[in-house]
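Colleague: One-letter residues, chain by chain:
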Amino acid sequence: MGPAIVVHDLSRRFGSTEALRGLSFEARAGELYGLVGPDGAGKTTAIRAIAGLLAPDAGRVTVLGVDPLRGGRRVRESLGLMPQEHSLYGDLTVQENLTFFGRIFCLPRRVHRARAERLLAITRLEPFVDRRAAALSGGMYKKLALACALLHEPPVLLLDEPTNGVDPVSRRELWQLLYRFVDDGMSVVVSTPYMDEAERCHRVGLMHEGRLVAEGRPLDLIRAVPGAARFEDVFLARIGASDEEAA
Amino acid sequence: MTGEASIVAQGLVRRFGEFTAVDDVSFEVERGEIFGYLGANGAGKSTTIRMLIGLLAPTSGDAQVAGHSIREHPERVKASIGYMSQRFSLYLDLSVQHNLEFFGGAYRLSGRALGRRIDALLERTDLAEHRDTITRDLPGGVRQRAALAGALLHGPRLVFLDEPTAGVDPLSRRRFWRLIRELSSEGTTVFVTTHYMDEAEHCHRVGLMVAGRLVALDTPADLKRTHVPGAMYAVEGAGLLEASEALRSVPGVRTVQPFGAGLHVRVDPALRAETLTQTLERAGARVASIAPADPTLEDVFLEVVAPDTPGEAA
Ligand SMILES: Nc1ncnc2c1ncn2[C@@H]1O[C@H](COP(=O)(O)OP(=O)(O)OP(=O)(O)O)[C@@H](O)[C@H]1O
Ligand SMILES: Nc1ncnc2c1ncn2[C@@H]1O[C@H](COP(=O)(O)OP(=O)(O)OP(=O)(O)O)[C@@H](O)[C@H]1O
Ligand SMILES: [Mg+2]
Ligand SMILES: [Mg+2]
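Sequences listed follow chains A and B, in order. Here my numbering is used: the first residue of the first sequence is 1, the next is one more, and so on. Here my numbering is used: the first residue of the second sequence is 248, the next is one more, and so on.
Possibly wrong hints are sitting among the right ones.
Interface residues of chain A toward chain B, partial, derived using beta-carbon atoms under 7 Å [stated by the list, open to error]: (1) D39; (2) G40; (3) T44; (4) A134; (5) G139; (6) E161; (7) N164; (8) D196; (9) V225; (10) A229; (11) E232; (12) D233; (13) F235.
Label-pair distances were calculated between CB atoms; the ranges are [what the hints assert, rightly or not]: (14) A135/A / A360/B: 37 to 43 Å; (15) G59/A / D379/B: 27 to 33 Å; (16) R318/B / R28/A: 47 to 53 Å.
In silico negatives: residues of chain A with every beta carbon more than 12 Å from chain B [said to hold, decoys possible]: (17) V66; (18) A149; (19) E173.
Keep in mind the hints are simulated off the structure, nothing from the lab. A virtual CB, placed ideally from N, CA and C, is assigned to each residue, including glycine.
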């Protein structure tokens, strides 16, 4: 079987901005692939192209062998997406939001209940199931959005900065859940501004100005940069930190 | 820091119905101090800030902020502080320049004085080239600097920054923190929340909230001494997370936490590194290196906020 996701020589402009400039990478089934790069590198544009929400100007995307723009139902059902700005129903409670998304994904009631319980425990939202989403704290809201997206366990999952504003304890637990998903054969592409999360991906593509400037296993990327101890050092070395003295 | 207090909070409580979001919180922040306010999601950080800036009335307790009582003169408090909210501080449809003019209007600045002030702030926050860009089209890190410029427009001596760097890349975060340090060295007090523990290291003092209560408050160095005693090893290699459960039954191992792709293992001083290596390798891991490590504020956070989490070894 070929890779679950293939991105080949993808380009896309918005007016005068070249958001993608020949981006290529692949992610296999069972792989947790991280897209990392500075703000504006093109991560969201890449993820939207993989999800079939945006047509590239040039290049090719396949998801499970199919062009997501033409795949129709088959691709829609096998692909999950959590957008960077995910919105929930503020007037619905935590529980009602989960029920609503369970219906969208047409989950059988038993499956929905089991998954929702696990996600509520991991996100520590269990005590707050009856609270309206609008009354949650910023991070709790983000975790609920993530829980709603993760209810659906499709073979291909795209997560665009899913843990912004999530505290360090919950971030570890959510990451643990992602490991379980990929162990079961799911293919996950995740973008993140957190360098410790980059270190936890199986492979990372470091994006800059619309293309990859480095790709590989995090430890190998760290070893390739002299003096680097953490992924943050790789980021700073490869993204032109020359004008930045250390913080 | 001059020893003068910028904030004196006494017994702040805020309830929403039956639920207590902030539970009897008292502290002082000195002028020019960078004060970090940390805690898990829902711990009560934003609720505390909303009370301190005069936006939300406390259920009980009071605070003096920039010399005014938040109970008696919330309007004066609002006029004397700068605030960057966790959710949105800028109009996405407006350019940076127009956003700042709008902020200026709200603080009754206008004309030449406002223009000069905007120019100076754009210069200082490195935003001159983005002046006419519509805010929506700005990268996250630039947007956050623009929001900071908005919060500084009326020249407040005290600013509240609620997760100013959420979702911002490491380079932009460094830039942002350079600005924070500059402000502090000029005597501006900075009250800041963050979920990036490396940023908290730059604070003069850090308060840690757990479920509405302020449970620890100290300098980063003293927090580490108090909450992460003993010795700490950093382990790197392969298969560590999977094997880490085996360490928990070793006598003398206090806590095991994933750290990046490796582990931080806190042990009693008598325990030898070899014991850790052997245990991990018997459990199927490959240990590439094991070395003494300095505790970080992330270690403190995990000890204080989630002392009994099983970690990631499940
Ligand atoms: N709909 C659009 N119209 C105009 N420009 C756009 C649009 N979408 C993206 N861009 C531009 O394309 C570039 C890449 O944006 P993208 O959102 O993909 O970056 P990103 O890596 O996701 O950044 P961030 O880390 O800030 O989320 C940026 O310069 C952005 O301003
Ligand atoms: N209007 C409200 N009604 C009911 N509960 C509320 C309301 N506003 C806040 N809360 C609750 O108060 C608690 C504290 O929220 P707060 O926003 O202060 O947390 P926080 O520490 O800032 O978290 P985060 O790190 O996620 O931003 C949460 O449980 C939240 O759901
Ligand atoms: Mg993005
Ligand atoms: Mg908050």
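Colleague: Checking hints one by one. Is D233/A an interface residue toward chain B, by the C-beta closer than 7 Å rule?
Modeller: Constraint on D233/A not satisfied, violated at 10 Å.
Colleague: With 12 Å as the threshold, tell me whether E173/A passes as away from chain B on beta-carbon distances.
Modeller: Non-interface label on E173/A violated, nearest chain B Cβ at 8 Å vs cutoff 12 Å.
Colleague: Is the shortest C-beta separation between F235/A and chain B less than 7 Å?
Modeller: 5 Å, holds
Colleague: Taking the least C-beta to C-beta distance, is D39/A closer than 7 Å to chain B?
Modeller: Holds. Min distance 3 Å.
Colleague: Is the interface hint satisfied for A229/A? The criterion is a beta-carbon contact with chain B at less than 7 Å.
Modeller: 9 Å, violated
Colleague: Against chain B, with CB atoms and a cut of 7 Å, does the hint on G139/A hold up?
Modeller: 3 Å, holds
Colleague: Going by Cβ atoms only, is D196/A closer than 7 Å to chain B?
Modeller: Interface hint status for D196/A: holds (5 Å vs cutoff 7 Å).
Colleague: Can we trust that A149/A is non-interface, i.e. its beta-carbon lies farther than 12 Å from all of chain B?
Modeller: Per Cβ check, A149/A is outside 12 Å of chain B; nearest 17 Å; holds.
Colleague: Interface hint check: E161/A, Cβ to nearest Cβ on chain B, cutoff 7 Å. Holds or violated?
Modeller: The hint holds - E161/A has a Cβ within 7 Å of chain B, the shortest such distance being about 6 Å.
Colleague: Is the interface hint satisfied for N164/A? The criterion is a beta-carbon contact with chain B at less than 7 Å.
Modeller: Status holds, d = 4 Å.
Colleague: Between the beta carbons of R318/B and R28/A, is the distance compatible with 47 to 53 Å?
Modeller: 60 Å, violated
Colleague: Holds or violated: E232/A as interface residue toward chain B, Cβ cutoff 7 Å?
Modeller: Result: holds, 5 Å to nearest chain B Cβ.
Hints 3, 4, 9, 10, 12, 16 and 19 from the earlier list are contradicted by this structure; the remaining hints agree with it.
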